[in-house]
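Start from chain C and add chain P according to the hints.
Protein chains in written order, with this note's numbering: chain C, 1 to 350; chain P, 351 to 654.
By construction, these hints were calculated from the structure, which means they are not laboratory data.
Please read these numbers as outputs of a predicted model, since none were measured by experiment.
Here a beta-carbon is modelled for each residue, glycine too, at the ideal position from N, C-alpha and C.
There could be a bad hint or two in this list.
Which residues of chain P face chain C? A partial, calculated answer using Cβ under 8 Å [what the hints assert, rightly or not]: (1) V385; (2) L466; (3) M593; (4) Y616; (5) I634; (6) L638.
Computed list of chain C residues with no C-beta within reach of chain P, every gap over 10 Å [to be verified]: (7) A10; (8) L118; (9) I216; (10) L319.
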Amino acid sequence: MKMPSLAVIARFWFPVLALVVPLALIVVVTGQFGGLSLQRTVIEMLISIVIVVGLYVFVGNSGIISFGHATFMAIAAYASAWQTCCEMLKPITMSGLPHFLRDQSIPLLPSAIVSVLLAGAAAFLTGLVIMRLTGLAASISTLAVLFILNVVYSNWDSVTMGSASIVGLPTYVTAWLALICAVLAIVVAYLYQISAFGLAIRATREDEVAAAASGISLYWSRLIAFTLSGFLVGLGGVLQAHYLGTVSINNFFLSFTFLALAMLIVGGMGSLAGAVVGVVVITAMVDIFRRLEGGISIGGQQWSLPAGTQELIIAGFMLLILVFRKDGIMAGREIGLPQRPQRDKGLING
Amino acid sequence: MANIVQVLVDAIALGSLYALVALAIGLVFGVMRLVNFAQADYITIGAYALVVPTASVTPPLLLGALPAALMIGGVLSVVVVLALLTERVAFRPLRNSNPSTLLISSFAVSYFLQNLVMLIHTGRPKSVGIGQSLANAVEIGGVRVPGVQLLTMGVTAGLLVALVLFLKKTPLGIQMRAAAENFQMARLLGMPANRVIALAFAISGLLSGVVSLLLTIQTGTLDLRMGLMPVVYGFFATVIGGMGSLPGAALGGFLVGVASVLLQTYLPTDLRPFRDAGVFALVILILLVRPQGLIVTSAAKERV
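Isolated chain C (complex conformation) (with noise of 0.2 Å):
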């Protein structure tokens, strides 16, 4: 077999690359000029994009809405809470847990990799139960999985402390880490999209019964979309529980779950690119909108918009790219190099 040349590779890589490169440059820039409150917003982008990443592996190639995966979140942010958290505290506050994990820590790569499996864990046993379901019934009840482990464990208090945070995890996760993490992110979900699984399950989302025609089991593409979709975002999970340092049942519910949709949604759901390009724009009107509400004087006069302004614009920016752009900003495309001309055509084929 011949070895592909550099332009094959280069092509072969580009879709990922157009998006890693633009992230590296953001790090490197707001390291060097930024100040503290931006490079904090560059963490918590690259942390959103690990997460949208992950959504858009399993939302974006089948099609299906999910409300479910901030379940998947949330059991491996808690899961490291236990096995990192506070050793001299964890035997009165969390009195309920095994005592392996009760009166000793493990060390942070060791738990972080237990937790992100926990999570991908979690999501194939609830895949197999969903993935049965057709698309509308299969979104609600990823609604159903949502809610019940936020009532387990907001009222599990011996384990979870309830519905009170979890405070003093070890903060590891720096701009850098964030990147790595958000490179893995994409290039997994990119090898995963133009694999062999990542095209059925694609034509899946495209016509389900022509798809199921042509041999595709629908149950089974899914099913590992969602679960590959579970590991990415307990990855997620892990980080945002390292680097807030807290980790509390509520910020896994609902509105964390609208502006993973939000983002997703607004970048365009259909491909990789719109992920991380939804998660870049949203990020960056949250943090103007959140700037304004906190208050900035023009011309000596301080003013600033009402709390709960931000939300409001997003959901309305949100309603608007559905009713004028609904395939989002991305329009389902990658970025990709121009085509070639027809004549190379047989040649990268051969």
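Chain P in isolation, oriented as in the chain C frame:
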């Protein structure tokens, strides 16, 4: 014995409430394949219309200060107008989109409305006293039943009968059923699409208004998320009842309401806080056995 009767009354009263919500959701789903999250905010806004927007925890009454008939009429018309407005502004431009897009857009509308209420009324829960006389228990054959539960059951029964008569006997009702059966075909045969869809929204607004009044009388509090749990229960009711089937929606509503009360009563005390999780797990279990829901309609599966 009286105890069991009491539990049954509770169960049926809660089931009636959820059945009303499920019908409101089911009607709109029937004509435009929209699972409407904003239904939760119809209920919330209907209730908030009772009071003057202030930051106070015990706000002065607005619509709630009117005589009963005017108050009921006022709240119902606020919610109906709101439902029609969301239909016109947000959902009509999206009418030809796929159900997933509609679902997401209703999620956005709901988030918008919820934050709008927060902006106007602030986020703190408020207390409001309307219809307090209804909270008194009535004694029937040795069982004490709160008046509001009797009211809920009576109103639900009345509305169910009215709805059935409307759908079966009036031209618009028949058109609505035709639209739910096959929208394209009904349209070709002269069904006025805009009017029928608007009517579905109006009726669902009406039902939501009734629910917000009943809820407020029952709890005496206003909360930003007061509409959320009934509507989530309503969603699950329509899904287990069979999407697109109105009898299924009502049946599903009764089922989840009854299941909720039974779990609340018979679960060990330690496990009671997990009641909702139990009901939702039950929903998923029912779906495992009958993925299409209890009553399967032709609308449940896309035509090829």
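Comparing the hints with the structure gives:
Hint status for V385 of chain P relative to chain C: holds, with the closest Cβ pair at about 6 Å, below 8 Å. Interface restraint check for L466 of chain P: the shortest CB-CB distance to chain C comes to about 6 Å, inside 8 Å, so the restraint holds. A least Cβ separation of about 6 Å between M593 of chain P and chain C falls short of the 8 Å threshold, and the interface hint therefore holds. Because the beta carbon of Y616 of chain P sits about 18 Å from the nearest beta carbon in chain C, more than 8 Å, this interface hint is broken.
At a threshold of 8 Å, the smallest CB-CB gap from I634 of chain P to chain C is about 6 Å, leaving the interface hint in force. Nearest Cβ of chain C to the Cβ of L638 of chain P: about 6 Å, under the 8 Å cut. The hint holds. With 10 Å as the threshold on Cβ separation, the claim that A10 of chain C sits away from chain P holds: the shortest Cβ distance comes to roughly 35 Å. Every CB of chain P is more than 10 Å from the CB of L118 of chain C (nearest about 19 Å), matching its label as outside the interface.
Remark: the non-interface label on I216 of chain C is consistent with the geometry, its nearest Cβ contact in chain P lying 16 Å away (cut-off 10 Å). Distance check for L319 of chain C against chain P: the nearest CB is about 5 Å away, which does not clear 10 Å, and the non-interface claim fails.
Hint compliance for this structure: hints 4, 10 are broken, all remaining hints hold.
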